[in-house]
Amino acid sequence: MLIRSVISGALASFLSVVAASAQDTRNLLESKESLYNNIYVYEQAPYRSMTFGHNRRIYTESVYNTRDELDLPVDYTRFMTASVMYAKNVSSILEIGFGGGRTAWYLHRFLPKVQVTSVELDPTVLELAKKYFGIKEESNFHVANRDGRLFVQESKERYDIILIDAYRGPFVPFHLLTKEFYQLVKDHLAEGGVVAQNVEPSTMLFDAAVKTIHSVFPQVDFYEAGGNIVMVAYPGDERKAEDLAGIAQERDKEFGFRYKLADMLAQRKRIDIGQVIDAKAKVLTDDFAPVEALKSIERHNKKLP
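Following the working numbering, the numbering of the sequence shown begins with 474 at its first residue and continues without gaps.
In short, the hints are calculated from the structure, not lab data. Among the hints, erroneous ones may be present.
[Unchecked claim] Pair by pair, the computed Cβ-Cβ distance ranges are:
1. K604 to I744: 39 to 45 Å
2. Q740 to T539: 24 to 30 Å
3. F647 to N511: 15 to 21 Å
4. T758 to T539: 40 to 46 Å
[Stated by the list, open to error] Straight-line Cα separation of at most 20 Å, DMTMM-like style, residue types lysine to aspartate or glutamate; simulated pairs:
5. K742 to D716
6. K561 to E723
7. K753 to D680
8. K604 to D541
9. K742 to E711
10. K629 to D680
11. K713 to D680
12. K505 to E600
13. K659 to D710
14. K726 to E711
15. K586 to D725
Cβ atoms here follow ideal geometry from the backbone N, Cα and C, with glycine treated the same way.
Work out the full structure: start from the sequences and follow the hints.
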């Protein structure tokens, strides 16, 4: 019962973060209020963190080691890169939800010939990422300021890997959790493509999120990652462990990843979703008709007063 076993640990970790924020001794480098977030950038050398304020609590979105740009201090960001061993080809990567840009930048550094595109809704987040987190525009690395769903909807591209890591405080924006959204993502995958999404398992929507992504992608693997869950989803037949092991070994050798794919594969979990996920959980669907999409997404994006 993988999912149930990690929830208590995740919730304890979550509460400890909240408690720590009340007695935070880090140096506040800058704070800004945008249309979408209350953003705080802290430093406790050598680490800088981008955090969002939500309902009087502080949630860490990204952590950057100023002495080592290839370090991924947050566990789940490492496991997002496990998607590289699932994709048939690795020539294009799309990330929805940039934050401080650590996952995208890590992949760009180890895969310099691969086109990495990230999409970030909040222009202030991009501004602070470039100012404090070592991010800059380079060949094959691009960050677009756009809502992730609308970006995909308007794109004519297909991607080998699509990473979904968009959060507001403890929650994924609802319009990035629906069956229609996942179908849109599936339609923009190249042949043999794969999706990876970071999900907080202690939220009440977790079972519904799993059930929803599974309604579009028949295959879903789970990686427990420091209190979070990374779901790797894909169409077609199951990728067998022995096949993934061979690809992981080849790509570890070819690209020289800091965090080895083969090591992450050992943490892979296959579960019977029908047995583990709450049978009463509903598949999430859009609460708006297509003609209302723009206004509805704008409403979902805005932060609460």
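message = Which constraints among the numbered hints does this structure fail? Numbers only, ascending.
response = 10, 11 and 14
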